[in-house]
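J.: Work out the full structure, taking the sequences as your base and the hints as a guide.
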Amino acid sequence: MGKKTDQAYLTRGETQARIAELKYALHLMRQNRLVLSGSILVIFFIILSATATTIVSPDQAFDLNFSQSYCWPSSIISWTALAATCPQGSNFLLGTDGFGRDLLKMIILAIPLDISIALTVVTVATAFGVTVGSVAGWVGGKFDEIILRITDIFFAFPSLVLALVFAALFGRTIQNLTIAVLLVWWPIYVRLMRGQVLVEREKTYVEALKSLGVKPARLVLLHIMPNAIYPILVQMTLDIGGVILTFSALMFLGFSPDPALPELGNLAADGIGHVFTAPWLIVFPGVTILVIALAFNLVGDGLRDVLDPRLRR
Amino acid sequence: MILVLFGVSVIVFYLARGFPSAFSPWAQYITVKTKPAQIEAIIKTHGFDQPLYIQYWYWLWDVFHGDWGYSNWANGLPTYVVFSSRFPFTVELTITATILTLAIGIPLGIVSALRNNTAADHAARIVALTGYSVPSYWFAYVLQLVFAYYFYTWGLPSLPSGGIISQGLQGTVPTVTGLPILDGLFAGNLGYTADAVAHVILPAFNLSFISLGYLARIVRASMLEVLRQDYITMARAKGLPERIVIYRHALRNALIPAMTLTGLFVAGLLGGAIITETVFSWPGVGYVSLIAVFQGDSNFLLLYSLITALIIVVANLTVDVLYVFLDPRIKY
Amino acid sequence: MCILDVRDLTVNFRTYRGEVKALDRVELRLYPHEVLALVGESGCGKSVTALTILGLLPQNAYVLSGQIIFKDVSLLTISSDQMRRIRADDIAAVFQDPVTFLNPVLTVGVQLEEALSLVQDWVPYVRVRDESSSEASSYNIKDYLLRRNPPRTEGSEIKAPKKMSEKVTREFSKNILKLVQLPDPERILTQYPHQLSGGMRQRCMIAMALARRPSIIIADEITTALDVTVQAQILRLLRELRDTIDASTLLITHDLSIAAEAADRIAVMYAGNVVEIATTTELFRNPLHPYTQLLMKCIPDVRRPVIRLESIAGSVPDLIDPPSGCRFHPRCPFATDACRSTKPIIKDVGSDHLVHCHLF
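Residue numbers (my numbering), protein chains in the order written: chain G, 1 to 313; chain E, 1001 to 1332; chain U, 2001 to 2360.
The set of hints was computed from the structure by calculation and includes no laboratory data. Mixed in with the good hints, there may be bad ones.
Just the calculated beta-carbon pair ranges, DEER-fashion [what the hints assert, rightly or not]: (1) U/Lys-2071 x E/Ala-1103: 42 to 52 Å; (2) E/Asn-1116 x U/Asp-2081: 18 to 28 Å; (3) U/Tyr-2062 x G/Leu-222: 35 to 45 Å; (4) E/Asn-1116 x U/Lys-2071: 27 to 37 Å; (5) E/Thr-1118 x U/Ser-2065: 35 to 45 Å; (6) U/Asp-2184 x E/Leu-1190: 23 to 33 Å; (7) G/Phe-143 x U/Pro-2305: 54 to 64 Å; (8) U/Gln-2181 x G/Phe-143: 21 to 31 Å; (9) U/Gln-2059 x E/Ile-1244: 50 to 60 Å; (10) U/Val-2110 x G/Asn-227: 54 to 64 Å.
Below, a sample of chain U positions facing chain E; criterion: calculated Cβ distance under 7 Å [what the hints assert, rightly or not]: (11) Thr-2010; (12) Phe-2013; (13) Tyr-2016; (14) Leu-2057; (15) Thr-2077; (16) Arg-2087; (17) Ala-2088; (18) Ala-2093; (19) Thr-2100; (20) Pro-2104; (21) Leu-2116; (22) Arg-2187; (23) Leu-2189; (24) Leu-2196; (25) Val-2228.
Idealized CB from N, CA, C, for every residue including glycine.
T.: Set out below in structure tokens:
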């Protein structure tokens, strides 16, 4: 019976317990109808993102036809007195935008872009933030102090302002804007993870593992991380919605690299000057963002309820 | 705290002046008529031709002498005047939004907690989550469309779509506090006040819709936790009516985290809600900060970001102190 | 004759992992002026019994069958409002570990006055007292607790203030705190729970219970969270109050020695059943149920040197899937086939000694 077997035994026991917990968590989530519908929506959107290019060909984005811009297909529902009606025979379901493109198709093309950016930002921010945060929490001392101050400075700015500033500086490409949003988002994970590590560090199982001679890196990765991961998971899910909101807000405010880019905020921006002549341009992209964010938030909220040990049962 | 402010100023300074942009830093001090010699002089006095860290020192020196610079795009007024003339409007918006948030968010959270897992809870949850899933600019436009335009066309009493006060009433009341609602009350001019209220409702609601979602969730979570506590069982065992158990025993404990969140929310709002102010043409500090960004006005941006950062830092401290008052268990 | 009659009480809890059969046909009787101790290991259902009597079971619990009769009122069938009235007037509870049982953001005074404010026949006493405050000295707190009418003087009018005035409440609060032997009641009323020591908090809780002049006081592990010296003080306090107050006490504890010291009768519980009830002397002299006998053996005797500490083999059963028949049979040295298959019924073996076992 060597040290390795002890460690392996510990990990095995832990994983079994965690699997049982996860099963219970899933059961709870399935019971809540709202969370269930949120999850279904999320899955729907992810599938949509993956298959969007097969439904609508990306060339459609370049299919500009100014003669039919800002028009609404049916004369039955007239949005406003000033809205134009599309020429007969056109089958636009949600009207057209300033470039004469079918809004519905543009929205379908825009969804994968927004979702993938959100997933990228959240994943990278989490990976980076969790690493820095766990080191700061574990090591403590000067390093911890410095990291704290840095996050404080980031928190002193409202997130939109910070993203705006970065966006204004970096230039208007999608990559740069993604980086801008990323820079706004990573501090929260640092703080979260650091807080969790600080709490877990004092617990007796950590002492036990340390006395077994487990190296710190392994300890943090294999043992502390799974216990600390729950609030981070919740934050990630909730943040996906937040990133989409911020990113599209940036586009909306005018940082888009290309006015014709099919992106939800950008499509909505097209409608600013036409609030009363083509209100559908603002309404529908916004509704899409709302539904996507709501779906992720439902899941995240349900996760939070379920994974919070104090609120169980 | 000073360190944070210092850090903020350095970062903003670097961002504003260090990056090549279309606007030169001295653009704020000159008009079309300024002669080249004068431009040279301005450059010399403010050190715009020096390396960045020396520029920073010049700026610091100016600031200590009360010179925060001028904003050309705002009729060449000193930046602090630009800020202070707009700040009361942001304050009015902030106060109204906070009242709305508390008035809607807290009951929403309580209902969710008391009727956990019932239809009421689900409905409350959807409202709360929609709150922070909604893009604020979109919601602003939708509010405008519905309440300003559609109500008007359908013949219903409609709300104005922007501005702080109707055109005809501007300047009819002496400025005491700078907040239209309060000024109207001080002057006893109820018509003015009513008009001001009508103007502030939509933007305030837009702002509060997002935060009341957060607030409701937090109130719900802390209420649920409090309701499981032993002292609630004790209170019930004393035979107290359920109403008193909830309002006196449970809420007092549950609202503590909610209060701290509200403090931070107010601080964030005082920095100016850029999007809301833009959509509703609300002349607050957020609105002008956006213009400043697009004009490359580093002086205003420095002033603005420092004040905002200061407000947030002060708010954090206040919230910490508030915590001590609210929870008698915490001692320093 | 008895003031509280628990018959055939069965309570289950609905949980994710199954139904917990917490109480299984519990039978108890509480007589006036007595102290009945409910003794058992952790998890045997003592607190659940108390909560059921009080009507404070959590949402996932439900009463499967049984009756609780209190002064001719069936507690399980009345409305929650009536139950609340009973909690305010007649049945008071004192719990363990007042750190969590007192609201940390309210002062002790506020919480005590809350308890006072609910007492219903408060007004007749107040009326007289308000008008003739010189009568304060001749009307003492013990009379109040024993529901004896205060003396009336000539010509004192009876005007009825709807609610007690603040001053009167404060006076009564102070008097009650003095009764539970708390020094400086004036100051204690203004303090928060965390500023008091464990013993003082427990006395405050007892004061809150006494203030309602209950017929029954349920004391759920009130000394468990205190250290031994304070424990002794509290027990002594209870003993002294016994003569003053007119209530019966249901003393719940896991410590047999506390039961021995403070109780008139003892009921032993195991895994949701009451297995034996007898007077204290009778129980210690003649324990009948195997579980009781084993418990007695576990108590080390200070007079004799002990070579090793005794314990009962096995562990407490899982109440989701309890043993069939008599729940104690897996650990019982005398188990028979009957014990494994059928549940024993209560038998009276004379001199008020009841046992729940097939062997008798």
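J.: If a hint holds in the structure, say so; if it does not, say that too.
T.: Structure-based check of each hint:
{"no.": "1", "hint": "U/Lys-2071 x E/Ala-1103: 42 to 52 Å", "verdict": "47 Å, holds"}
{"no.": "2", "hint": "E/Asn-1116 x U/Asp-2081: 18 to 28 Å", "verdict": "22 Å, holds"}
{"no.": "3", "hint": "U/Tyr-2062 x G/Leu-222: 35 to 45 Å", "verdict": "43 Å, holds"}
{"no.": "4", "hint": "E/Asn-1116 x U/Lys-2071: 27 to 37 Å", "verdict": "35 Å, holds"}
{"no.": "5", "hint": "E/Thr-1118 x U/Ser-2065: 35 to 45 Å", "verdict": "28 Å, violated"}
{"no.": "6", "hint": "U/Asp-2184 x E/Leu-1190: 23 to 33 Å", "verdict": "56 Å, violated"}
{"no.": "7", "hint": "G/Phe-143 x U/Pro-2305: 54 to 64 Å", "verdict": "59 Å, holds"}
{"no.": "8", "hint": "U/Gln-2181 x G/Phe-143: 21 to 31 Å", "verdict": "56 Å, violated"}
{"no.": "9", "hint": "U/Gln-2059 x E/Ile-1244: 50 to 60 Å", "verdict": "20 Å, violated"}
{"no.": "10", "hint": "U/Val-2110 x G/Asn-227: 54 to 64 Å", "verdict": "40 Å, violated"}
{"no.": "11", "hint": "Thr-2010", "verdict": "22 Å, violated"}
{"no.": "12", "hint": "Phe-2013", "verdict": "15 Å, violated"}
{"no.": "13", "hint": "Tyr-2016", "verdict": "15 Å, violated"}
{"no.": "14", "hint": "Leu-2057", "verdict": "10 Å, violated"}
{"no.": "15", "hint": "Thr-2077", "verdict": "19 Å, violated"}
{"no.": "16", "hint": "Arg-2087", "verdict": "4 Å, holds"}
{"no.": "17", "hint": "Ala-2088", "verdict": "3 Å, holds"}
{"no.": "18", "hint": "Ala-2093", "verdict": "4 Å, holds"}
{"no.": "19", "hint": "Thr-2100", "verdict": "4 Å, holds"}
{"no.": "20", "hint": "Pro-2104", "verdict": "5 Å, holds"}
{"no.": "21", "hint": "Leu-2116", "verdict": "10 Å, violated"}
{"no.": "22", "hint": "Arg-2187", "verdict": "15 Å, violated"}
{"no.": "23", "hint": "Leu-2189", "verdict": "15 Å, violated"}
{"no.": "24", "hint": "Leu-2196", "verdict": "12 Å, violated"}
{"no.": "25", "hint": "Val-2228", "verdict": "23 Å, violated"}
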